[in-house]
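Chemist: By full-length UniProt numbering, the letter at position 136 of the sequence shown is numbered 136, and the numbering carries on one by one without gaps.
Take these hints with a grain of salt, some might be off.
[Unchecked claim] Quick list of in silico lysine-lysine cross-link-like pairs, DSSO-like style, CA-CA up to 30 Å:
(1) 277 / 221
(2) 228 / 238
(3) 228 / 272
(4) 272 / 86
(5) 221 / 155
(6) 183 / 228
(7) 272 / 238
(8) 155 / 183
(9) 225 / 155
(10) 225 / 238
(11) 183 / 272
(12) 86 / 155
(13) 86 / 277
(14) 272 / 225
(15) 228 / 155
(16) 221 / 272
[Unchecked claim] Distance ranges between label pairs, derived from CB positions:
(17) 16 / 298: 41 to 47 Å
(18) 25 / 217: 21 to 27 Å
(19) 121 / 166: 18 to 24 Å
Derived from the structure by calculation, the hints contain no laboratory data.
Quick reminder that beta carbons are idealized off the backbone N, C-alpha and C, glycines included.
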Amino acid sequence: MAGWTPINPHPRISDLDPSSFDYAAYPWEDITVTLSPTGVAILYLNRPTQYNTFTGAMSYSIVFAFELFDADDRVKVAIITGAGGKVFCAGAYLAQGFGAIADHAQGHRDGGGQVGLAILRCRKPSIAAMNGNAIGIGVTMTLSCDFRLVAENAKVAIPFVQRGIAMEACSSYLLPRLVGVSKAMDIILTGDVRSPTDESYMALWTRSPLPQDQVLPESIKLAEKLAKNSSVSMALCKAQIWRQVDSPEDAHLLESQGIWETSRLDGLEGAKSFLEKRPAQFPGTMRDLERFAFWPWWRQADVATYPRGPESLRAAAAKSKL
Numbered sequence: 001m002a003g004w005t006p007i008n009p010h011p012r013i014s015d016l017d018p019s020s021f022d023y024a025a026y027p028w029e030d031i032t033v034t035l036s037p038t039g040v041a042i043l044y045l046n047r048p049t050q051y052n053t054f055t056g057a058m059s060y061s062i063v064f065a066f067e068l069f070d071a072d073d074r075v076k077v078a079i080i081t082g083a084g085g086k087v088f089c090a091g092a093y094l095a096q097g098f099g100a101i102a103d104h105a106q107g108h109r110d111g112g113g114q115v116g117l118a119i120l121r122c123r124k125p126s127i128a129a130m131n132g133n134a135i136g137i138g139v140t141m142t143l144s145c146d147f148r149l150v151a152e153n154a155k156v157a158i159p160f161v162q163r164g165i166a167m168e169a170c171s172s173y174l175l176p177r178l179v180g181v182s183k184a185m186d187i188i189l190t191g192d193v194r195s196p197t198d199e200s201y202m203a204l205w206t207r208s209p210l211p212q213d214q215v216l217p218e219s220i221k222l223a224e225k226l227a228k229n230s231s232v233s234m235a236l237c238k239a240q241i242w243r244q245v246d247s248p249e250d251a252h253l254l255e256s257q258g259i260w261e262t263s264r265l266d267g268l269e270g271a272k273s274f275l276e277k278r279p280a281q282f283p284g285t286m287r288d289l290e291r292f293a294f295w296p297w298w299r300q301a302d303v304a305t306y307p308r309g310p311e312s313l314r315a316a317a318a319k320s321k322l
């Protein structure tokens with residue numbers, strides 16, 4: 001493609017041993033990552049002098065980090081927050097231009113969408129600790145997270161219509177499911193900068209907006225609590241919520257399989273630890289989840305095959321008949 005150069009500097013996960021990966025020593029671009037002994041990974045958007053604005057290099061780094069979090073059994077929960085303590089993410093780095101950002105995200109691919117999918121596909125719980133202003137991608141990248149905590153003095157906006165661009169970061173799918181269609185229309189079609197206490201935004205937050213200096217500590221506190229749970233159970237429950245089936249009967253069949261599989265794994269330790277009145281030590285890992293006969297139960301689109309969406313699907317189908 002003219003004007004596109006593959007510049008992803010990160011290795012493939014299959015070429016690494018995630019269980020020994022050194023997050024602190026790795027040469028990240030535009031982010032930093034820490035991992036606590038309790039299994040809480042914290043990803044910092046690390047461009048504080050530029051208000052943590054989103055770049056192509058940042059998108060590659062976030063995608064790689066969440067792929068690692070998914071594969072690394074040491075990681076139990078992931079937090080994404082802004083470095084500097086005052087701004088979460090002030091949107092795309094406009095000096096780079098929207099076209100440049102697209103070039104930095106696998107050619108035809110939206111960089112925010114690559115990030116959103118990486119977060120969604122990570123089977124570990126994710127928390128957005130929005131410790132300051134969040135504009136555009138600063139909001140939409142967090143829609144893929146399982147929890148969102150926000151500073152009460154933050155300014156939030158998704159001003160795509162004021163910049164002349166379309167929705168991104170899978171937000172056209174996620175936002176109406178999180179806040180409802182009417183409130184999503186209000187947020188998107190006005191593009192206004194608002195307080196996080198605005199009625200249309202309130203459904204996004206896991207907790208009521210917090211004092212700015214409490215956002216990350218409260219997120220860590222939540223993460224530490226989640227880290228004590230069964231990783232297999234949390235991954236399965238996350239998928240059951242995000243990858244919903246078509247009817248109550250289908251849900252019953254799926255849940256029945258899940259109960260049967262988990263009761264033979266972490267469910268044994270859960271029941272035993274409860275009866276013995278001690279903290280559970282769950283042995284299950286993502287490899288155990290992958291051995292469940294019904295996993296995965298959903299069809300996942302190949303986003304690398306049809307770079308131009310449904311029209312390319314039709315074109316490919318027509319071409320196959322020639």
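Chemist: Compare the structure with each hint and give your call.
Modeler: Each hint tested on the structure:
Note on residue 277 and residue 221: the hinted pairing holds, with a Cα-Cα distance of about 23 Å set against a maximum of 30 Å. The straight-line distance between the Cα atoms of residue 228 and residue 238 is roughly 16 Å, inside the 30 Å bound, and the hint therefore holds. Using a Cα cut-off of 30 Å, the hinted pair residue 228 and residue 272 holds, with the two alpha carbons roughly 15 Å apart. Proximity of residue 272 to residue 86 is assessed by CA-CA distance (about 45 Å); at most 30 Å being required, the pair is judged violated.
Between residue 221 and residue 155 the alpha-carbon distance is near 24 Å, which keeps this suggested pair within the 30 Å criterion. About 35 Å separates the Cα atoms of residue 183 and residue 228, which puts this hinted pair outside 30 Å; it is violated. Distance check on the hinted pair: residue 272 and residue 238 sit about 24 Å apart at the alpha-carbon level, within 30 Å; holds. Taking the CA atoms of residue 155 and residue 183, the gap is near 17 Å; set against the 30 Å cutoff, the hint holds.
Under the criterion of a C-alpha separation no larger than 30 Å, the hint pairing residue 225 with residue 155 is consistent with the structure, at around 28 Å. The straight-line distance between the Cα atoms of residue 225 and residue 238 is roughly 16 Å, inside the 30 Å bound, and the hint therefore holds. Distance check on the hinted pair: residue 183 and residue 272 sit about 45 Å apart at the alpha-carbon level, beyond 30 Å; violated. Only pairs whose Cα atoms come within 30 Å are accepted, and residue 86 paired with residue 155 is accepted, the gap being roughly 11 Å.
For the proposed pair residue 86 and residue 277, the alpha carbon gap of about 42 Å is over 30 Å, so the pair is violated. Taking the CA atoms of residue 272 and residue 225, the gap is near 20 Å; set against the 30 Å cutoff, the hint holds. The hinted pair formed by residue 228 and residue 155 fails the criterion: a straight-line CA distance of about 33 Å is larger than 30 Å. Straight-line distance between C-alpha atoms of residue 221 and residue 272 comes to about 26 Å, which keeps the hinted pair within the 30 Å bound.
Between residue 16 and residue 298 the CB atoms are about 27 Å apart, so this pair departs from the stated range of 41 to 47 Å. Distance hint check: the CB atoms of residue 25 and residue 217 are about 26 Å apart, consistent with the given range 21 to 27 Å. The hint said 18 to 24 Å for the Cβ distance between residue 121 and residue 166, and at roughly 22 Å that hint holds.
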